[in-house]
Amino acid sequence: MITFYSKIVIIVFLLFFNVTNFAHAMSLLDAYEAALQHDPIYRSALHENEAGQQAEIIGRASLLPSLTVTHAQNKNSGTLDTGNGTQPLNFDGQVSTLTLRQPLFNLEAIAGYQQGKARADSSRAKFLGHGQQLLVRVVEAYVETLLAQDRVSIAETELAALEELKRVNERMLQKGEGTTTDVLETQSKHALAQAKIIEAKDELEIAQLKLEALIGQKITQLVRLDDTFSSHTIQLPDGYDTWQSLALEQNAELVTQRHNVVSGKEEIKKNHAGHLPRVDLVASLQKNKRGSFVTQGLDAEFGTIGIEVNMPIYSGGRVNALTTQAVANHARAEAELDAATDKVLVELRKQYNLLISSVKRIESLELAVKSAELLVEATQKSIRGGIRINLNLLDAQQQLHTSRRDLAQARYNYLLAYLRLQLAAGTLAFDDLRKVASYFTSYRN
1 MITFYSKIVI IVFLLFFNVT NFAHAMSLLD AYEAALQHDP IYRSALHENE
51 AGQQAEIIGR ASLLPSLTVT HAQNKNSGTL DTGNGTQPLN FDGQVSTLTL
101 RQPLFNLEAI AGYQQGKARA DSSRAKFLGH GQQLLVRVVE AYVETLLAQD
151 RVSIAETELA ALEELKRVNE RMLQKGEGTT TDVLETQSKH ALAQAKIIEA
201 KDELEIAQLK LEALIGQKIT QLVRLDDTFS SHTIQLPDGY DTWQSLALEQ
251 NAELVTQRHN VVSGKEEIKK NHAGHLPRVD LVASLQKNKR GSFVTQGLDA
301 EFGTIGIEVN MPIYSGGRVN ALTTQAVANH ARAEAELDAA TDKVLVELRK
351 QYNLLISSVK RIESLELAVK SAELLVEATQ KSIRGGIRIN LNLLDAQQQL
401 HTSRRDLAQA RYNYLLAYLR LQLAAGTLAF DDLRKVASYF TSYRN
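The sequence shown: position 319 = 319 (this note's numbering), numbered continuously.
Some clues are possibly wrong.
[As the list claims (entries may be wrong)] Pair by pair, the computed Cβ-Cβ distance ranges are:
no.: 1; residue 1: 100; residue 2: 242; range: 48 to 58 Å
no.: 2; residue 1: 100; residue 2: 57; range: 39 to 49 Å
no.: 3; residue 1: 233; residue 2: 157; range: 23 to 33 Å
no.: 4; residue 1: 72; residue 2: 343; range: 56 to 66 Å
[As the list claims (entries may be wrong)] Below 16 Å or equal to it, Euclidean Cα-Cα: the simulated EDC-like pairs (lysine to aspartate or glutamate) are:
no.: 5; residue 1: 269; residue 2: 108
no.: 6; residue 1: 350; residue 2: 241
no.: 7; residue 1: 166; residue 2: 185
no.: 8; residue 1: 435; residue 2: 226
no.: 9; residue 1: 265; residue 2: 156
no.: 10; residue 1: 117; residue 2: 50
no.: 11; residue 1: 196; residue 2: 156
no.: 12; residue 1: 435; residue 2: 108
no.: 13; residue 1: 289; residue 2: 92
no.: 14; residue 1: 218; residue 2: 30
These are calculated hints, taken from the structure and not from any lab test. None of these values were measured; they are calculated from a predicted model. Glycine is no exception: its CB is placed at the ideal position from the N, C-alpha and C atoms.
Sequences are here, hints too, so could you generate the full structure?
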């Protein structure tokens, strides 16, 4: 006889077992955190952004003072005419010079700095886009694995039902109550179900490998979408025009390309400035240790400060060629921006329509699953009453399994459409992933 305390121990053990199982299940957030550390595409984008951020610093450097030190050591020999004759000179000298140069007027450097800022902004926006894409790629791989698991589960359920039906038909045939046709029909369906399981397991293995490659670790169990999930769980988006405005302003690809257009414009200015003068403030301090014939082998120090003007006159057509090249590249960047805008708006409309239509599709498939379940029960009763035949039950079971598979697919597509819409609009953030992850609360042993 089980005592009260024994029951408590059993309950605690079962609760601990379930919690332990759940703790080993990888959630969407776990997968995303792992992908941030492992995914090679994201890590490449991270380093690309680190390099890109230096463009602004490099551009700014041309506007800041530069300080250089030069040192020369030489051997001097010659003669000095003193009026009363010549005097031979032969001495070793050292010349050290400290030079400070501050640009005062340099349009090429100004354009280079503005271009560096645009390139850094472009790199930053591109990296943001890579982060958003990683989020979507993780969810895609995660739900693809779950869907593959669903296909295996459905195929196994179908096979188990057919095995049971096969045994029933064989017993009825032995008793003289069934027919050979019923047995053959069930055997045929049973063989097809076995083939489906093999195919489903192959698909599951590939999907799981893709997810593991993304997160860099083996997975044993995933947290699953709650069976009670409804399309009404997520609030429907605003009108398409609102999303379009957001996409045109915030989409990472478009923001990146707009900065590229600005960079191209500054490149034109920078190259055109090759025709213009440059004005620098130059100050220097020179120390000669027996360094020249002027000091006649004596030590001397000189300090100078002044304005230096550099006026380009002719460079073999290089400036014109660079400017023409920059104009063409700027036009190309504008064309690429137009192409990217068209692509983004098409994707935005596609995901918006898919999200809206998925609501009705999920509702319809939920009804289809309920109807298919009732149909299977009714068909089983009809067969026992001699009204329906074995083939009717097989068809009803097939309809039920297909409806369950389609419902699972529709739910995942709905969530993906929600994230992809945010991605196209440029508003996708970690909070969106956290929101989606909150709907994954169950697991399967």
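These are the hints, each one checked on the structure:
no. : hint                   : verdict
1   : 100 to 242: 48 to 58 Å : holds (56 Å)
2   : 100 to 57: 39 to 49 Å  : violated (20 Å)
3   : 233 to 157: 23 to 33 Å : holds (26 Å)
4   : 72 to 343: 56 to 66 Å  : holds (60 Å)
5   : 269 to 108             : holds (7 Å)
6   : 350 to 241             : holds (14 Å)
7   : 166 to 185             : holds (9 Å)
8   : 435 to 226             : holds (13 Å)
9   : 265 to 156             : violated (62 Å)
10  : 117 to 50              : holds (14 Å)
11  : 196 to 156             : holds (9 Å)
12  : 435 to 108             : violated (49 Å)
13  : 289 to 92              : holds (9 Å)
14  : 218 to 30              : holds (12 Å)
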